[in-house]
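Based on the provided sequences and hints, a complete structural model is requested.
In terms of the numbering used here, the sequence shown opens at residue 390 and continues consecutively.
In short, the hints are calculated from the structure, not lab data. Computed from a prediction, not measured in an experiment: that's the story for all the values here. Virtual Cβ for every residue (Gly too), placed ideally from N, Cα, C. Careful: at least some of the hints might be erroneous.
[What the hints assert, rightly or not] Label pairs and their in silico Cβ distance ranges:
#, residue 1, residue 2, range
1, P459, F528, 28 to 38 Å
2, D551, P520, 13 to 23 Å
3, G517, V474, 40 to 50 Å
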Amino acid sequence: MAKQPITSDETVNINVGRRLRELRMGKGLSIRSLAEQSKLNVNTLSLIENGHTSPSVSTLQSIAQTLNVPISTFFETDHENKEVVYQSSEHRPVANFTHGTIEDLGAGMLRFGAEPLIITLKPKADSGKTPIVHTGREFVYCLEGHVTYQVDGHPYQLRQGDSLMFEAYLPHHWRNENLSPSRLLLVLCPMDERDQPSERHFWR
Numbered sequence: 390m391a392k393q394p395i396t397s398d399e400t401v402n403i404n405v406g407r408r409l410r411e412l413r414m415g416k417g418l419s420i421r422s423l424a425e426q427s428k429l430n431v432n433t434l435s436l437i438e439n440g441h442t443s444p445s446v447s448t449l450q451s452i453a454q455t456l457n458v459p460i461s462t463f464f465e466t467d468h469e470n471k472e473v474v475y476q477s478s479e480h481r482p483v484a485n486f487t488h489g490t491i492e493d494l495g496a497g498m499l500r501f502g503a504e505p506l507i508i509t510l511k512p513k514a515d516s517g518k519t520p521i522v523h524t525g526r527e528f529v530y531c532l533e534g535h536v537t538y539q540v541d542g543h544p545y546q547l548r549q550g551d552s553l554m555f556e557a558y559l560p561h562h563w564r565n566e567n568l569s570p571s572r573l574l575l576v577l578c579p580m581d582e583r584d585q586p587s588e589r590h591f592w593r
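See the structure below:
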């Protein structure tokens, strides 16, 4: 079945959602942490970030107050037109999640076909029993440690310098085999701009 074109209303939702995600990660907050502080539902925030729902003014006010930003920040257009993103290592957005930290290498560029991340996994951390499935492709490069990526039932052992790329519709999950942290360069390349595969990997 052919995908339906994205309407102008959906584009606004997507841009607000991406801006929210950028601001949240810039504050080093997980979705769960933001939900607790803003007293909003985790699923509601996830739907907003994925562009699947239009937030009410009161919801945006609650989020803006929690993030300590003006509500107009969610609708700024200069971020949408940014074609080049430079980050110094000292000012890179970092967010904590249950099993480690995420550094967003592409924060600030909202129109993109790839989501580059550096993931630091806690010892023996794993993505859980439920396989991850999303659109597009996924590229993994092991910077440090030992991580097993299981793709469509086949395990791939990634150690420093090893890489893996696969079609992301194949069920997959990951596990840090080390008793110390492991680090990955992860590039997620969704086919649908409404899809945010990092949510399936780290905020479940």
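Cross-check of the supplied hints:
1. P459 with F528: 28 to 38 Å: holds, 36 Å
2. D551 with P520: 13 to 23 Å: Holds: the Cβ-Cβ distance is about 21 Å, inside 13 to 23 Å.
3. G517 with V474: 40 to 50 Å: Taking Cβ atoms as reference, G517 and V474 lie about 31 Å apart, which means the hint is violated.
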